[in-house]
Amino acid sequence: MTLTRVVVALSPGTPVAAEILDTDSGDVRSAVVVSGRPFETELPAGTYVVRLAPPGLERVSASVVVPPEGPAALTVDFAFDDPHPTPGSGHALPTDRPVNPSPLKRLLLPGTRRKAALPPNEALRTARELQGTGLFVCDADGTLLRPVEVTDEYVVSRPAAGEDRSAYICVTQGRDHLARFVSLPANCVGRIRSPAQPEGGEGDVTVRPADPDARALLDYRAQGRLSAAAAVTDHVVRSIGARIEAGQGDPAAGCAVAYHLMDHPERDRARQWVRLLADAFPTSDDVSLLASWFLLEMDGPVPREARERLITAVEAGQGLPVYLAGLRLLRTALERLGRSDRASGQWDPRLTSATHTVNTYLLAADPVNPFVSYTGTGLRTPLVAEDAPTIVSGASLATDDEGSVRVLAKALDLLGTVTAGIQRTITLPLVTLTWGDRPDGGGQMLSVAGRGTRAWVGLGVVLVGAEGWRMEVARLSDAGTATFSLPSSATAKLVTPEPAEPDDAVVVPPPVLLHAAASGPEQDHRVVTPQLEFLLEPVRGADRWRLTARRRVHESAAGWVLVGQRSAADRPYKTFALPLGGEDAELGAEPTVLLGKASAPLDWYMVPEPVDELPPAGRKAILLRSLARAADAWTRKAIQKMLTALTAEEG
Amino acid sequence: MTYLLDTAFQDGPQVHALVIGVGGYRHLRGGSDPVRHDTIVTRQLTSPPLSALAFALWVRDELRHPVAGPGSVDVLLSPSEVKEADGQLREVEVPSADAVQRAVDRWVSRCDSHPSNVALFYFSGHGLDNGSPLLLLEDFARSRNRILDAAVNLEGLVQGMRACGAGYQYYFLDSCRERTARLSSLRDTRTLPLLDIRDGPEQRRDLMVMPATLSGGSAYADRHRVSDYTQALLDALAGRAASTRDGRWRVTSSGLYEAVYALTRTAPPVQMPGMNVHGDLVLHLLDGPPDVPLGVRCDPAAARLADVSLSAFGGPEDKRPVLELHDTVWRAVAPAGVYAVGMDFPDGHYTAPSPAGVHAFLPPDLEFTVAVERVR
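So the protein lines, in turn, are chains A and D.
Following the working numbering, the numbering of the first sequence begins with 1 at its first residue and continues without gaps.
Following the working numbering, the numbering of the second sequence begins with 1 at its first residue and continues without gaps.
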């Protein structure tokens with residue numbers, strides 16, 4: 001027997017999964033070799049291959065021959081160049097001093113030396129005004145901690161001690177792009193490389209734990225080396241556990257192990273580990289989530305406290321986990337609560353809203369990063385990059401009314417489902433929307449805050465109830481607000497017009513209620529708005545839908561109803577005008593037009609309010625089109641009368 | 001229903017596979033009943049039925065689970081014609097939403113019959129992601145008002161299968177996971193209901209969910225070919241994921257993931273398989289060391305000037321794979337194992353140690369680089 005030492009030179013304390021293969025018998029022994037500590041084993045005479053899988057690096061192997069009359073000891077040395085050495089202290093360290101200070105440095109860095117830190121939103125706005133890449137670090141409630149200049153590469157680290165909650169690295173790329181926020185927990189190291197070219201994208205941001213055991217575990221998982229991760233698990237649990245028990249651990253390392261153990265079938269091990277974490281780090285959001293999850297997994301009703309903790313974590317926006325696995329677990333936990341509620345016939349709008357919020361983060365999250373990393377318009381307003389409204393570079397809302405309306409329509413879409421009694425805010429590059437109850441209790445209010453445009457003043461915003469046909473139209477005031485009266489806990493969507501097609505050069509409300517006759521021609525469709533009623537029915541003997549409109553309230557003045565249809569999803573809507581009779585109309589006169597083909601689903605919309613006059617631009621085209629499709633004599637006559645009047649005007 | 005394999009019910013544990021490949025989509029452009037509304041995805045595909053069939057045939061013909069014997073392989077394909085080994089065309093069931101609901105019921109019922117049963121689920125076709133992978137079935141987009149009602153929510157299926165007794169469950173998903181703005185606005189929409197989800201502790205001894213790509217990513221395939229992911233999966237199962245313990249060659253779930261991860265990243269466009277592994281048990285046993293592609297390089301690159309040989313270490317002398325030079329790498333397909341590497345430079349411009357090294361050519365580490373020196 002010969003004592004064989006395997007020595008690994010890597011960052012101190014890094015565990016490395018190793019295998020010792022006996023080439024004679026084919027037996028394989030697994031081992032964990034820790035950098036800086038020789039691994040020793042007794043080997044009988046023979047030839048062996050030692051294989052190492054260093055975390056984050058390629059595998060290496062070396063052969064070892066132990067002769068029958070061999071020496072008392074053999075040493076196998078492995079040396080690696082660690083591409084990411086860990087800095088010794090928690091500070092922002094530029095790896096190279098820039099020759100020319102960046103605009104961000106000129107603007108922000110002096111401020112941190114002489115003035116109080118910028119509030120987070122102000123810092124973000126300022127950073128986004130810059131051309132090129134900006135970078136700063138903010139804590140969970142957004143306070144700017146340390147702006148650093150843009151350079152080729154930066155290392156930002158946080159010390160292990162102190163606040164458990166996460167700080168975020170924020171990288172901006174000017175006002176036309178979303179910012180990226182990357183969670184930076186305590187005792188972790190962030191590395192930011194700016195793009196090689198000024199317009200080369202956001203660059204690369206990675207965050208890794210400073211704890212060598214946690215780092216190895218995450219590196220293995222990121223490389224897909226699950227067997228190596230499994231091989232070092234016992235060692236990592238022992239090492240990090242000992243540090244935690246000695247009061248020297250940190251929640252980021254502890255939770256890396258916890259989420260890893262959650263993938264293991266022996267759930268008791270994960271449960272025990274989380275118990276250890278809960279005692280050591282009671283204020284950590286990830287630990288709180290994990291502890292709540294195990295309460296959910298127990299039989300019996302969900303403890304009120306666990307439920308409250310999960311929902312509040314999302315509502316406050318300050319209790320979100322720092323690990324992506326945690327964010328996924330949070331969603332699963334909220335969905336489980338939702339199922340439990342439904343089973344008992346309950347509905348909690350706070351839970352619905354929290355689930356929606358977590359989903360928003362998950363959709364914007366980078367799936368490759370083990371830490372939560374997402375694009376957004378602010379720390380608490382994640383947004384998927386492809387969902388951001390496209391603004392032509394250099395254009396502003398003030399000079400582009402059509403663009404303004406499009407941005408508002410998109411923003412309302414992103415605001416999503418709104419609920420009476422629950423505030424929602426969405427901040428986009430050029431506009432912030434806030435939905436909430438009016439302070440005086442008189443319904444709900446939508447506030448639209450945008451820079452330098454009045455294009456939205458007077459614009460109609462339509463509230464469409466999630467259930468039934470409830471609809472409300474309100475116009476944006478000079479102050480950018482619109483008031484609605486949604487019943488308590490009811491949900492709805494908000495929509496607003498997008499620009500019409502050129503030949504219909506009028507501002508018409510959007511397809512506020514798309515209605516497809518998908519159930520086939522045997523069924524009639526009736527749509528009721530507060531002022532109008534629409535009936536859609538197949539015409540016997542003709543392959544057409546007949547649309548009839550009528551008033552629901554008595555009104556003496558004549559007017560028009562606007563409806564639209566399109567032939568395919570990628571085609572524009574064509575607008576039709578249906579006359580509404582005034583006092584002198586024939587009894588029972590109701591306008592009817594023929595639309596689409598009864599054999600196919602009809603894609604149509606209606607404007608829920610009658611209009612007094614057709615807008616001048618495009619009205620002739622609309623009337624001619626309507627005349628061609630008018631299905632009764634009264635409608636044809638009314639349209640023809642209007643056309644004649646138009647011709648007289650022109651003459 | 002179409003079973004490629006359907007053994008008689010046995011008392012012992014069995015492997016039950018449900019394999020779905022959707023290339024033809026009835027309601028998309030080019031389908032038999034195209035619709036005019038926005039369908040989010042538009043193209044017909046050619047690879048999925050080939051990929052699904054290749055996987056199904058592998059399960060039928062090759063899979064050897066250490067605990068469970070052969071059970072059933074239920075296949076649903078679109079287009080529905082399968083060419084048998086004898087060249088005959090055979091009709092199989094089309095994976096419409098209704099057919100998949102029935103197939104899942106059959107599959108769950110079979111899987112539930114023994115606690116050591118193995119449940120295999122494979123899907124190839126269009127996919128989306130709304131936080132969970134969504135698998136689009138043959139009659140996807142049949143309803144304009146319920147756009148996802150012919151789509152399977154994979155997370156729901158996996159959670160629903162928690163109540164099924166099969167102790168070993170493996171899910172392979174060969175599809176894109178695109179996130180679109182349209183989809184983001186449909187978060188409250190309902191997917192095809194397959195299984196009730198019952199809460200409770202996790203009982204499965206081995207659970208692996210392996211999507212071809214991460215959320216938001218794409219999965220790739222050449223037209224009329226088995227896809228990159230499925231080919232990687234088949235290569236991995238055939239040996240590229242194999243490891244040896246106690247003299248037995250086997251593929252474990254974590255080894256399988258690592259191999260597929262490595263194999264799908266060898267050539268652009270790169271895709272990164274997703275991972276959700278819960279346990280690490282043996283999925284497949286091999287008869288012996290698998291034949292794998294071995295490679296020997298020189299550093300600096302001087303392979304063209306070298307004579308390279310391999311000889312099985314500690315084995316019979318006749319185990320000497322014949323290497324061929326491909327670009328800058330000497331390659332051979334040979335049984336995995338430990339080899340002594342010989343390298344000689346007849347023209348004397350370089351020197352290498354003798355022997356150049358003893359290397360364990362064991363998956364996934366199948367290449368060896370010899371440090372050579374230039375002779376001055």
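Warning: the hint list may mix true and false statements.
Coverage of chain D stretches by chain A, computed from C-beta distances (three or more under 8 Å per stretch; other residues unrestricted) [as the list claims (entries may be wrong)]:
hint, region
1, 103 to 112
2, 192 to 203
3, 207 to 218
4, 275 to 286
5, 354 to 361
Everything labelled a hint here was simulated from the structure, so no lab data went into it.
Here a beta-carbon is modelled for each residue, glycine too, at the ideal position from N, C-alpha and C.
Results of checking the hints against the structure:
1. 103 to 112: Coverage by chain A is violated here, the residue count being 0 at a Cβ distance below 8 Å.
2. 192 to 203: holds (count 5)
3. 207 to 218: holds (count 5)
4. 275 to 286: Coverage by chain A holds for the region 275 to 286 of chain D (6 residues, Cβ < 8 Å).
5. 354 to 361: With 4 residues closer than 8 Å to chain A, the region 354 to 361 of chain D meets the three-residue bar; holds.
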